[in-house]
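Residue numbers (our numbering), protein chains in the order written: chain A, 1 to 482; chain B, 1 to 645; chain C, 1 to 118.
There may be inaccurate statements among the hints.
[Said to hold, decoys possible] Once the Cα atoms are required to be at most 27 Å apart in a straight line, the calculated DSSO-like pairs of lysine-lysine come out as:
1. A:K429 <-> B:K607
2. B:K607 <-> A:K435
3. C:K59 <-> A:K150
4. A:K101 <-> C:K59
5. B:K545 <-> B:K373
6. C:K116 <-> A:K34
7. B:K25 <-> A:K444
8. B:K25 <-> A:K366
9. A:K150 <-> C:K116
10. A:K35 <-> C:K116
No lab work stands behind these hints: they were computed from the structure.
Given the structure is predicted, the values throughout are model-derived calculations rather than measurements.
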Amino acid sequence: MIDTTAASIDFSIIAPEIALLAAAFIILVSVYNKKMRNLAPVIATAGLLVSLLIAIEQMGNPKTGFFGMVTCDDFTVVFKILFVISSLLILMFGRRYFVSKNIDRPEFYALLCISTMGMMVMASTTDLVVIFLGLEIMSVPLYVMAGMDKRSLESNEAGIKYLIMGAFASGFLLMGIAFIFGSSGTTDLRRIAADFQFIGENYQLYFNAGAVLTLVGFAFKVAAVPFHSWVPDVYQGAPTPVTAFFSVGPKAAGFAALLRIFNFGFEDMEFISDIFWMLAVLTMTVGNILALRQGNIKRMLAYSSIAHAGYILVAFAVGGSAAMSAAVFYLFAYGLFNLGSFAIITQLEIRSGCKSELSELSGLSKAHPYLSAALTVFMLALAGFPPTVGFIGKFYLFTAAIDGGFIWLTIIGVLNSFISVYYYLRVVKVSFLEKFEGTFVPVKYTPAMMAVLLITLAGTLGLGIFPEKLLEISRAAIFAFL
Amino acid sequence: MTENIYWIPLLPLLGFLVNGLLLGKLPKRVVSLVACGTVGGSFLLSLMSFLELKAMPPDLRLIEQTLFSWISSGDFHVNFGFLLDPLSSLMILVVTGVGFLIHLYSVGYMSHDSGYGRYFAYLNLFTFSMLVLVLADNFLFMFVGWEGVGLCSYLLIGFWFEKKSASDAGKKAFIVNRIGDFGFLIGMFIIFWQVGSLDFMTVAAKAPEVFVAGGTLVTAACILLFVGAAGKSAQIPLYVWLPDAMEGPTPVSALIHAATMVTAGVYMIVRVNAMYILAPDALLVVAIVGGVTALFAATIGLVQNDIKRVLAYSTISQLGYMFLACGVAAFSAGIFHLMTHAFFKALLFLGAGSVIHAMSGQQDMRYMGGLRKYLPITFGTFFIATLAISGIPLMSGFFSKDEILWKAFSSDYGHPILWALGFITAGLTAFYMFRLLFLTFYGKERMDEKTKSHIHESPKFMTIPLMVLAVLAVVGGWIGMPHIFGVTNYFEAWLEPVISSAKPAVGVHMLTSAGGDTAMELMLMFSTVILVGLAIFAAFKIYNKRPEVADSLADRFKTPHNVLLHKYYVDEFYGAVIVRPLIYFSLFLWKIMDVLFIDGLLNGLAKLYEGISETMRSVQTGRLRSYATVFVIGVFILIAYAVIE
Amino acid sequence: MFEQLFPILLLFVVAAVLAGVLISLSIFIGRRTKLGKKGQPYECGIDPEGTTREPFPVKFYMVAILFILFDIEVIFLYPWAVISKELGMFGFIEMLVFVLILLVGYFYILGRGALKWD
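Please model the entire structure based on the sequences and the hints provided.
Below, the structure written as structure tokens:
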């Protein structure tokens, strides 16, 4: 059991964060030196790796410190690992893209580290204020990263839109936290959970309103409908590796915070299940239906990411450890095949003039047979076909939903999966069946890109066949705070 | 070695990966080295684990090893686990031993084929799947191997896929097997439903508590499993794929369609013998199907002219014997025959391959004859195998077949009629095998001059496996001599720990056994030997001395001869009763149901969704104002809901 | 229910009324002269030419933003200064870390040349 009263100043708890911060600082200071500047990706990688190793070391050794502000349990560690791995993969395939677009700047790597650190902070606390702090540390670099390609109008637009909408959402979140603080007298979820009965009876109104507003703040980050409208524009406008980053890390961090708040702090709040229910249905349906008619792959994947958030929200509506561990599992799985798809799009966009329109894929199977095979696997995973991990993830999610008695929600979810098959397979169809006029300039793979593709492929298929280990990890994460 | 059983299947898998991934990049020498080396290696490992197992006390000869958990969903747990016990250790010895010899043989046989690498990759994959099948410790993992061997069988039957008949035969095998798998799966579901586990050990331990002896459920489960077995092991009514499977390369026929894969059904039944003991009616079904198949296939074998087809029907017939043994609860006898059959039938096929190789691809025995002097080694080994399969005393086939016949007569589940089926089959077997021998190796040389000039003894790679197998075909039966010879039946003793010792429930069996004593056993054995002797003599008279008698006989019994020649018209019957209506039905489904109804519905739905999508896109204006508006409306609705609650 | 809802309702009403009152006050009380000069940004001085949306050097922004950043962050030093005795060594080290973070930022903008005027 975690000692909640510990007031210790124990830097070993936040060592992964410190490692990332140090890497970011070194990169920032290194702008004086040209040689050092080119080393930025290496420094960032080193920082992430060190952070990953420390995080793994922290597994199974729950601690709390800094006056109860920082909690590091297995839940935290599992999410830290997820964040770091996704950032690492993006580092690996991003560089080549930036160089080809002439926007390779050391700042990106520093921002990546800082943003990852913010996610870690979000996952490693039970205090609402610290969660907010983490959210902002994570988000501010994201705004900058979205607008990184400063010669591109779309990228600028993405940055500004994201910033404004993000600030907007942060306002609601803060308001929610304020309400909660007002009604409960604390921002510590552990104490809220302990006094839940009392607070609920006496300050129900403020408390519920606060919970909903908090929910809205994170629903924005995870792109739940109707707080999703920034997603398509930002995803399409931002440089592709940045989009890939958006779709995994921040989303997972948002879900981590939601898990912590609503599955731990407000575990006994009953009406919230209905709200998640509504959000899940809306998110799945709107995401999938809007994805149907998109001609741009990045935009299509943006809507697809909205839809996937909807599937994960199903778990929140259901509640309980089985559903929650299924959600964690799904986040990992989604991270894998989504990064894989984005890696492929990045590889294609390196060709100059490529806007990742769907029609640009025609004839891909002739020019890049292996690449289009990999793309097929990822699309099947996104659509949830066996033997990919996408199927297993959906399987666990919907099984948990049925066990929890949410039959209708499951039916809507499955119907939505069917709809999604249409637009995922369209990508495959275009790349295999449609003829291409003109010459397809083949692009060489960098070893790092190759590695990313192999890792994500192996994960997508391997975990689809042997999901047991990952499920165990997901369960461990959820049981850490139960 | 017993700690690391997983290396036994893993080695061929590695071989497959190397040969499969580097297809076309490795020289033939390396391909064959990898393929034979891995299988040889796993044979050595199997031998080591067998010896280690043998060194243990009989009660402890059971090693379970879980690699990792595969599926875990609620109460449903399945592991990747291996089970090494006397039964599986024996099976892996046969699979890797015979497999290794056939790999060697293939090096010579396939040396001129353009698909050399592909061939060995498939063959290794097959060995891997077969080892998984016999080593698996639960039904589902076994099913993985079961499907794996089915896949390899399909790939190898259609190995020369440019030939339409070959690819058709591949498809036929696959589809017929699928029908069997259906039964297997449902049987498996029943077992999981009732027992709550798919582990062989758990099922064996719990079956007597969970199932009522002779009850409907256990009988249904056993019969359904047997449907699966009948598909894989080519029993009535699912045997039709096996004769066509001879389209594959001959070593494949030897390995997959004679020695190993087709015996998987027998193995599976013995593996769950604890359940079959509880279902006497299912056992009766197994015995009758086995006995009838044995006789039925043997009669077809009498008149076939294609050397491989005769052997194929002979395989079906011998598999029938094994099921007959299982059906009278003589499980160890079934496995014993499985083993000896693996030796002599592999030898027969390889010998036939050697003949075909020498005859430049000719398979019709009417154009052979007199090959004895051209192919001395092939002839010698083939002759031994023929003696063994015919059941000449002291050859391996004699002991195993005799034990089955005796058990069919005397066991608690036996009956004189079952014995009679086997008895007649024994005579027919001897007759058609010697007919084959005489037509091929004796008499006039009926081939044309061009072929004749090419006839040559096969290379060493092919003859050495023949000789090894010939030795095994002779001595392989000596470990299972019957008690009346005054020696211990080592084979039966070895398998004893895995065979359920449950006594049959009295009064639940429809037949009454005849029982019998030593004198009876000797008498029956003697009469079988005499029958076999007579059959050989008849074959000698007709096909060696006076070939014209055969034709006149065929003329006189024109109708039965034709029926036999057309294999009882079973293929035609299936075509008319099952395939044709299915085609019409699917035409109806395609033209009416699919194109008009379903496509219309689906296209309509798709149009509808696209319309909705198009409409909803208009909300996504790209203007921040409208985004914020949507956002705020959402917030208000949620808050309203929260407040009302 | 109503008792609980009442404060919020009151808040909404007060906000709406206040906004309404203020706006209507300025409409009704305020004197309006519709002279041409009133439309001009400046009643006296030079008449403006062209639009107000003139591009001007981004440096102004940079300086302004950087000023705000450092200015606001330095404010955090005041509360620390008030209770620095109670916080003791720990507080001092924390503050050093805080200043170090600011310094890194400062060196970064220096290195990037954000403060160079030409």
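Against the structure, the hints:
no.	hint	verdict
1	A:K429 <-> B:K607	holds, 18 Å
2	B:K607 <-> A:K435	holds, 25 Å
3	C:K59 <-> A:K150	holds, 16 Å
4	A:K101 <-> C:K59	holds, 25 Å
5	B:K545 <-> B:K373	holds, 18 Å
6	C:K116 <-> A:K34	holds, 19 Å
7	B:K25 <-> A:K444	holds, 23 Å
8	B:K25 <-> A:K366	holds, 22 Å
9	A:K150 <-> C:K116	holds, 20 Å
10	A:K35 <-> C:K116	holds, 22 Å
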